[in-house]
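Once you've looked at the hints, dock chain E against the given chain C.
Protein chains: 2
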Amino acid sequence: MTTQWDDFERRMYELKDLEGVIGLLGWDEETYTPSAGRAARGRQTGTLEAIRHRWLVDPALQDGIAGLLADETLDATKRVMVQRVERQARLASRVPESLVKRMAEARSTALAAWQAAKAEDDFVSFAPHLATVVGLLRERADALGSDSGDPYDALLDEYEPGMTEARLTPVLEELVAGLVPLVQRLTEEGRAPDASFLEQSFSDAGQWDFTVRVLADLGFSLERGRQDRSAHPFTATASEDDVRVTTKIVEKQLFVSIFSTIHECGHGLYEQGFDPAHARTSLAAAPSMGLHESQSRLWENQIGRSLPFWRRNLPGLREAFPGQLDDVTPEQFFGAVNRVERSFIRTEADEVTYNLHIALRYELERALLSGALAAKDLAGAWNEKMQAYLGVTPPDDAHGCLQDIHWAWGAIGYFPTYSIGNLYSAQLLAAYEAERPELWSDVEAGDFARLLEWLRAKVHRLGHLYDAEDVVRRATGEGLLVRPLVEALEKKYLPIYGL
Amino acid sequence: MTTQWDDFERRMYELKDLEGVIGLLGWDEETYTPSAGRAARGRQTGTLEAIRHRWLVDPALQDGIAGLLADETLDATKRVMVQRVERQARLASRVPESLVKRMAEARSTALAAWQAAKAEDDFVSFAPHLATVVGLLRERADALGSDSGDPYDALLDEYEPGMTEARLTPVLEELVAGLVPLVQRLTEEGRAPDASFLEQSFSDAGQWDFTVRVLADLGFSLERGRQDRSAHPFTATASEDDVRVTTKIVEKQLFVSIFSTIHECGHGLYEQGFDPAHARTSLAAAPSMGLHESQSRLWENQIGRSLPFWRRNLPGLREAFPGQLDDVTPEQFFGAVNRVERSFIRTEADEVTYNLHIALRYELERALLSGALAAKDLAGAWNEKMQAYLGVTPPDDAHGCLQDIHWAWGAIGYFPTYSIGNLYSAQLLAAYEAERPELWSDVEAGDFARLLEWLRAKVHRLGHLYDAEDVVRRATGEGLLVRPLVEALEKKYLPIYGL
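Sequence order for the protein chains is C and E. 10 is the number that the working numbering gives to position 10 of the first sequence; each next residue is one higher, with no gaps. 155 is the number that the working numbering gives to position 155 of the second sequence; each next residue is one higher, with no gaps.
No lab work stands behind these hints, which were simulated from the structure alone. Treat the hints loosely; a few may be bogus.
In silico EDC-like cross-links for lysine to aspartate or glutamate, where the CA-CA straight-line distance does not exceed 20 Å [as the list claims (entries may be wrong)]:
1) K101/E / E351/C
2) K101/C / D7/E
3) K492/C / E351/C
4) K492/C / D350/C
5) K248/C / D209/C
6) K101/E / D6/C
7) K101/C / D6/E
8) K492/E / D377/E
9) K458/C / E435/C
10) K491/E / D228/E
11) K248/E / D275/E
12) K458/E / E490/E
Derived CB-CB ranges, DEER-like [unchecked claim]:
13) S203/C / D194/E: 40 to 48 Å
14) R450/C / G46/E: 34 to 42 Å
15) W409/E / D7/C: 42 to 50 Å
16) A277/C / L69/E: 45 to 53 Å
Note that CB positions come from ideal geometry on N, CA and C, so glycine has one too.
Here chain C stands alone, though its shape is the one from the complex (with noise of 0.2 Å):
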């Protein structure tokens, strides 16, 4: 069989080249092409995406998997890679060639009618272009296929590899069931910290440096990653040497950056993490999106929030800012980072509310997939949600059902993953802390090494050999929970808020 697996492996190999080179281009496209630049860099991406699918549905290719999985003395790891591949290569297939178009051009006219309906709080011009998009997930969906029959599983599993609406519509309301009461009492009974310390003007220099240093003491590598700006911050790989994070800098703003570089630096030294004899294969990849967050929400949240980390940075961000910071003690910085507010922005949202955003647009995205909500009904059912979960209803809806761009581009199915990254970050840092009660002194003394390979042991290393919920599973010993998370909210929050 080495002939067999050679050639997949070959195949394997330029698959992942073709997805780095992706990756790159798509980072390029945010930092440093020039303007007029951008639609050719759009049909060029396309074409390497249009090689990509011709290379998956290859009947070469696919009689190679068939061949290789019907060889019952293959190497186990080698048999995964191959399973990874094959399932690339189902999901490719199933989905026509038609509705791919069909799909591109229908998200292309969605996202700029939605543009144009933010920026004019017009959401009855938007209304119909969101139903096409619905329409054709739905097409998508039952082109898909899923074990259980429901096409919303269709979708989420492109996100969420074995997730399942049944299996998460539990989890997120007992979530919900929560944190509303945590909420309500934080904000109606407890004492926000003060943050007025903050409205002063941090120099781009200054930002710049403190999180390129935070970076680099986080265990992020430069040697083998770099660090850029761009409007939106984001990771791209582009190659298991080359991970990219970027970051925003605003002046009036100083934790945009601050979070933004640690959020991503999570991202990155995940990427940066895989098991190196994985290079170049379908093994070096994250199983899910929701275990990708975790990792990202881990440093920003859980560690990058953190009083003892506070207590090692505030004095390099002191020297990044001589005289600004002066008399702002740990502690008050802990506060200021950690200020839970009933805000319309999900992207603006603490630690606190975040998951209570993201619980109203899974059950909305539900219903419009579902046909239960119709699209021209959403703006009405995302107030009354508000009122529900929040206690606050949008000023309008640019401020409501149109802030995010997701559904406009077509991803239903992908917020739940930002939950699924909470929990899951959550369970891994009670884990680990019950295996290293030090963990907090290590944090001040910005020991940071530990808990990095602790998490690229149990998370990194494995790259995709596992499905999400069992790489946690196996590092935890229990699969997705809500009892960690929502127990660290309330431990962390209720001293701030003096309750």
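Below, chain E without anything else, positioned relative to chain C:
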């Protein structure tokens, strides 16, 4: 025939997209790729090149080409598009994959050996590697074939389509015959201009800002391109709307950045100037390396090293470096940028001696390829020619036959394109000046748009509609000529040297 054309067009677009992506990968490798990411980047570029090769040798493409070329009703421009792709496909099919692979391996070994040999001034250790590369180039030449049966023509044709050794040799001999006495007169009888005011440090930021301003001033679009830094300046085309030049800043050598920028600007203007109607086609390309080089040399040497150019630009340079050049006159500056020296290193050579460095390499590489000169005897032959043409003998082989990367890299037939570029640039500017005698007052007034528009009309917009010499013939009335360059050099340099 619509379907056959549509199929061909799609393939041509994809080819162009692939080439743009390969261009971007190369740019990224020299600018922003993190140090440890280079190996993976090399593999990715290799994968895209393999895809490109497979694309070119695809029998379906060859059938399509044959069908289109047999169709007498095919539009003339489309026919040229097909012919250009046919040439690429033919050359790609002629060289067997095994030879490509052996060459890649030999090149990789030879490059490492060359670097070590250059560092240690040890030609003997490099000679066997050179012999291997030359042997493989002979095989390549045989595989490619040429109308004349001359192996050198087969290699030259890859860089300078349509040019032959029989055509080129007398031209370069005439050039040598014109230049040797000029260099002798200037260096022996003339008074070298003073450049001592350059012996100071010029700030990085000042150099950067000045070069970006010059780029924009000359007409390079920063919406459809950008400038970055790299160790060796170059121009990379990511797409018709994304052309990237680089420069190199050395604080103690002001001219490195300035003339690198203007040189690459010339390449960049060409790449930004193809007919938009030919975007993504095989016509959106220069017909030869020599014609491409004519554009960089025209802007760098003829415009950028002219007195009117510095009459216009010295004030801006003074602003960039307050207090550092206040006493320097445009005439002094003009002298300093035009010093002629019998030096050892081609890349540092002035405009007058440069072509002697090329003529020497042209003779030696033909002798290597034909077998008339054994690789082991190169060092001696090199030093003899240096004495004959430039009247100096290199102190060692590192400053002699080991200085350039080209042969180790497997490029024979490349060097003469530099001189072809110099010759074409003089012909083109002479023709333009005959049409527009106010050229130099335009330059002094900063009106570069008129010259650029002429170059756009006569050279850039044509792309690869004609071969290089035909482009020049249409623009100037004559093919490759020596006289205009030698006359321009005499006219410029004799007065500078007080003769």
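| Which numbered hints are broken by the structure, listed smallest first? | Of the numbered hints, 1, 8, 10, 11, 12 and 15 do not hold.
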